[in-house]
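Undergrad: Line by line, the protein sequences are chains E and R. Anchor point for the first sequence: position 211 equals 1092 in the working numbering, and the numbering is continuous, going up by one each time. Anchor point for the second sequence: position 172 equals 1053 in the working numbering, and the numbering is continuous, going up by one each time.
Be a bit skeptical, because a hint or two may be false.
Since the list gives no way to pick one copy over another, a pair counts as held whenever it fits inside one copy or between any two copies.
What the hints assert, rightly or not - When the alpha-carbon atoms are kept at most 20 angstroms apart in a straight line, the in silico DMTMM-like pairs for lysine to aspartate or glutamate are as follows: (1) K1244 x D1109; (2) K1131 x E1110; (3) K898 x E1057; (4) K1113 x E1061; (5) K1224 x E1053; (6) K1139 x D1032; (7) K1028 x D917; (8) K1131 x E1180; (9) K1296 x E1057.
Hints were generated in silico from the structure; no laboratory data involved.
Protein chains: 2
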Amino acid sequence: MVSSNHENAKQSPASPKRQRGKIVGFALRLKELGKDDPRKIIHSFKVGLALTLVSLFYYFKPLYEGFGLAAMWAILTVVVVFEFSVGATLGKGLNRMLATLTAGALGIGAHRLATLSGETGEPILVALFVFIIAGIVTFLRFIPQIKARYDYGMLIFILTFCLISVSGYRDEEVIEMGFERLSTVVLGSCASVVVCTFICPVWIGVDLHNQIATNIEKLGIFLEGFGDEYFKISEDGQPINKSSSLQRYKTVLTSGSKEESMANLARWEPCHGKFRFRHPWNEYLKVGNVTRQCAFKIESLNNYLTSEIQSPPEVRNIIKGECTVISSECGKALKELASAIRKMIESSAAEPHISNSKAAAEKLKSVIRSSFSKHRDYLEIIQAGAVASLLFEVVKCTEEVADAAQKLASLAHFKNAKPRVTSEKQELSSQEAVKQVSGINAAHHVITINSSQSLPGSENSKRLDCRICRLCKKPLTWL
Amino acid sequence: MVSSNHENAKQSPASPKRQRGKIVGFALRLKELGKDDPRKIIHSFKVGLALTLVSLFYYFKPLYEGFGLAAMWAILTVVVVFEFSVGATLGKGLNRMLATLTAGALGIGAHRLATLSGETGEPILVALFVFIIAGIVTFLRFIPQIKARYDYGMLIFILTFCLISVSGYRDEEVIEMGFERLSTVVLGSCASVVVCTFICPVWIGVDLHNQIATNIEKLGIFLEGFGDEYFKISEDGQPINKSSSLQRYKTVLTSGSKEESMANLARWEPCHGKFRFRHPWNEYLKVGNVTRQCAFKIESLNNYLTSEIQSPPEVRNIIKGECTVISSECGKALKELASAIRKMIESSAAEPHISNSKAAAEKLKSVIRSSFSKHRDYLEIIQAGAVASLLFEVVKCTEEVADAAQKLASLAHFKNAKPRVTSEKQELSSQEAVKQVSGINAAHHVITINSSQSLPGSENSKRLDCRICRLCKKPLTWL
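Make a model of the complete structure from these sequences and hints.
TA: Below is the structure:
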């Protein structure tokens, strides 16, 4: 009874212990939020700073008398225009300034027309103007291209037009009001843009760039781990729990709309760091799309990790070696691509991995042709066959990602990676290494020398030293 | 030369013909936009109307003198609060009113504190308050739960607090200003909500409801058509162009974030039509998620429609019959589920289709066991095997969608569907029909009688008449 009462007391919503727990939980969540992305804390300080600056500007009497009541538009502008990233702030600021300018001019014209029509005609004309302009501009906001970049400007256009044309002042007063409004909006926008850009700026273009690279990397991590994870099941015959590090690719499946809005905002950003003003943001979206196509295939592969129907271990062992190589080589290729994008270099480091995965795919085909015949239960084969078939698709996808990344690198003028002359190391399967020495799959004349011929069967990858002379194209050192 | 000049003239950007073409193109796009969703035109009129009403309210002197300059806040409120759907407008309106109330009260308090501290302390305290409040509230906006529903309120909170606390008036004036601001904001919000709700309302909850149903239907359409489309290839040996009607499911892959924001807005909507205030919107998201899981599998299936590597026709013909049945029965089940959700009824019409697809899946397994052995090239088999394996997954997915839809139906109190007594027809495979007569898979005691025993092998589905007496549960007519 006591324990039950105790529990009831615990569960009662009014319990002070529970309330305290909630508050502590909330505080911990806030701390976590700040830890995850400290830029959020800095952003909050920046908003506070910009508002304080503009408020003081408004507060001090001499300035206050100069701008009059319209000065509060400066505060309002800072509150609504100041966004997390430079692109968003700049886009909103420019939208707001341009819309205030054009709508102000149009509003003054409408106001003048209305006053000319006399006492009775004035309210009718004003109402008509407001109705027509608000209706038309609201409809224009539905056009996708306008919605993507000028939605906020359209909103401010309606707002300013209504406020100016409706105001019951005389003409000179209206012109003065329009000028005041415009100057305070410009003041507020500029304050926001300056604080946002010059104090720890968050460039949404850089974020998009990194997100595209991270997404490719997440797929790479899955593929590198998939082989081990899938064939681990075969050893004890039971499907295992999905490893959480492998599941990070899931976010790629749904990142499309976020990437698009990021690209729309990035277009507003001026030249910064290695990013030009007209950086090819569209190419990032294309890379993002092929990455997502690849993620859909990986989602199917992932299903086989926990599928109830599993091919028996003896069937899976047949394809284990080649499947692991395909998957890990595709994973390495994707990780190389991600790293090249992140560093903004034009690199061909992914090419040998793609070649390796293609060679392993061909070998897997012949393994399937020759070895599956030993098994009589065809139902047992199809599960493993489906995994193999998906891996073939993944190889194709990886190539598509590489092509898209290559196009991005050339359009965005990424630097050429320096030929790897020194002790940089590259992982290659021993077979491929031999092929590359004979020049068949040689990429950029990288000569690879196998340091050891005796490698374990299924994990036949080995660190190799690659050295080349940049002038005579001959190997520098034979290790 | 003449023709070349003519072409040059055509291509010049300043060419009047080209300009006219652009304008005509733009007008046509606008027309298309209005045709696609006439509610967008109505919405534009509604915004115009609400603004005209509030503008006239502001324009006429008696009211204008009553509210003073603060009356322009009513116009401003309408412009920013009026959204396409009732949920969004109501959410923004409530956010704005509540934020203005609380921030106004806090702002008056801050202003009073500041004035108490004397001439020199006042600006310092005001600046400090603005900095702290703006910083804290900006940081709170990053919390996902707050961002989802109260983001706009937080913004207005900062805005109102700054404007009230910074204003250089005396205390009484500040209180009066706060009251004016609040009353005009309430006026603007109410005008928006009334016009939005009572003139052709757009309920975002209804949109979400329909979108979830439409998404399930799109998958159903794909699956119904997939069998024919996939095995059509086998007849001429060449992959065919993807049929555009089948490709409609692609939108389901990326609809997740849109569904989430729709559910967030729908939560603001009051009871309307068959939707209660606390309609289980979360369940819609769950149905949406399992639908998307199914769409990922369908994306993989779709790849096999245009895959370069195809199993030869003789291999595919082995599985043609069962695969077509699985795919079309799953398709029918999904379409039934979509139709039940759309009509808001608790129906079991999908159950027989799911049973059929499961039975066909079992049969397919035995077909694969027995017939694949005739083929020696195992590489040729795996493609067809992968399709079969994906179809097994699709059956599982369809069941999951059915379960989620069932849970939604019970939580949202959908009506029970009337037993189908009259000449309703149901498509069933002949085998399943016999099973249902014997009562094994009988759903709601629907007795089905096979009208013909001689059915063609692969397309063994036939329209059957199902009649039943509601009292004695015995068949009414034996055809």
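Undergrad: Give a verdict on every hint.
TA: Hint by hint, here is what the structure shows:
1. Taking the shortest alpha-carbon separations for K1244 and D1109, only the intra-copy value of 19 angstroms comes in at or below 20 angstroms, while the best inter-copy value is 33 angstroms.
2. Proximity of K1131 to E1110 under the C-alpha cut-off of 20 angstroms is restricted to the intra-copy arrangement: shortest distance 17 angstroms within a copy versus 30 angstroms between copies.
3. Taking CA atoms no more than 20 angstroms apart as the test, K898 paired with E1057 passes in neither setting, with 60 angstroms inside one copy and 41 angstroms between copies.
4. For a Cα distance limit of 20 angstroms, the shortest separation of K1113 from E1061 qualifies neither inside one copy, at 72 angstroms, nor across copies, at 70 angstroms.
5. For a Cα distance limit of 20 angstroms, the shortest separation of K1224 from E1053 qualifies neither inside one copy, at 58 angstroms, nor across copies, at 60 angstroms.
6. In this assembly of identical chains, the alpha carbons of K1139 and D1032 lie at most 20 angstroms apart whether taken from the same copy (17 angstroms) or from different copies (18 angstroms).
7. Proximity of K1028 and D917 under a CA criterion of 20 angstroms is satisfied inter-copy only: 17 angstroms between copies versus 31 angstroms inside one chain copy.
8. Taking the shortest Cα distances, K1131 and E1180 sit within 20 angstroms of each other both inside one copy (8 angstroms) and across copies (15 angstroms).
9. When the C-alpha separation of K1296 and E1057 is checked against a cutoff of 20 angstroms, the pair qualifies neither within a copy, at 53 angstroms, nor between copies, at 63 angstroms.
In this structure, the earlier hints numbered 3, 4, 5 and 9 are contradicted, and the remaining ones agree with it.
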